[in-house]
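Using the sequences provided together with the hints, build the complete structure.
Chains as they are written, first to last, in the working numbering: chain A, 1 to 106; chain B, 1 to 122.
Among the clues, some could well be false.
Covered stretches of chain B, as calculated for chain A (at least 3 residues, CB under 8 Å) [stated by the list, open to error]:
# : segment
1 : 46 to 53
2 : 58 to 67
3 : 108 to 116
No lab work stands behind these hints: they were computed from the structure.
On a predicted model such as this, the values are computed, not experimentally measured, just so you know.
In this text, a Cβ means the ideal position worked out from N, Cα and C, and glycines have one as well.
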Amino acid sequence: DIQMSQSPSTLSASVGDRVTITCRASQSVGSWLAWYQQKPGRAPKLLIYKASSLESGVPSRFSGSGSGTEFTLTISSLQPDDFATYYCQQYHSYGTFGQGTKVEMK
Amino acid sequence: EVQLVESGGGLVKPGGSLRLSCAASGFTFRSYSMNWVRQAPGKGLEWVSSISSSSSYVLEADSVKGRFTVSRDNTKNSLYLQMNSLRAEDTAVYFCARDRIVGATLEAFDLWGQGTMVTVSS
Chain A
1 DIQMSQSPST LSASVGDRVT ITCRASQSVG SWLAWYQQKP GRAPKLLIYK
51 ASSLESGVPS RFSGSGSGTE FTLTISSLQP DDFATYYCQQ YHSYGTFGQG
101 TKVEMK
Chain B
1 EVQLVESGGG LVKPGGSLRL SCAASGFTFR SYSMNWVRQA PGKGLEWVSS
51 ISSSSSYVLE ADSVKGRFTV SRDNTKNSLY LQMNSLRAED TAVYFCARDR
101 IVGATLEAFD LWGQGTMVTV SS
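In structure tokens:
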């Protein structure tokens, strides 16, 4: 089974900061990688699919990159609405999620 | 409105059974593969199971294999998860989610329900 790991687990940042989250796969998943945002008590929301494609309606400050085993999610200028937990998910083989990265206010 | 609504959660004793339902509306349900994802209290997301649009393929996580069964009824626009031999570690919010692309085999999940809570406790 493919394992996914995210770093960091928690990230403290301020509004306007550039934020980068890393996701690593235990084996190549090609570009079959998605990023989700989840707020407490809510369902996850798809941000990025196929590693770098922005889901419709998602602000352009979110971007994804990478392929194979290493991927990044970048928020170019953190906004108040962006404080949340972010998950990567590979869908090359089944649908394994990373353990999540909580972006909190510094 | 395009939406998914889960139901059927509740409190069940270890070893018991429960059947979750997910009602779809606002889109052509029969064209999409569907999925179940769960989230234990305070924990991350865990993919549970996937079923293709015509039920021709089913995938299950090792943690639920042999105990959980996913199914769908395209005439009723509904997805189901039959959960047997429940354990304390199955306690979680269970979400149903739609594949992003019509007819895809494995895809990102672009539409999610609000979730239904399952608690396994004596």
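Hint check results:
no., hint, result
1, 46 to 53, "holds (count 3)"
2, 58 to 67, "holds (count 3)"
3, 108 to 116, "holds (count 7)"
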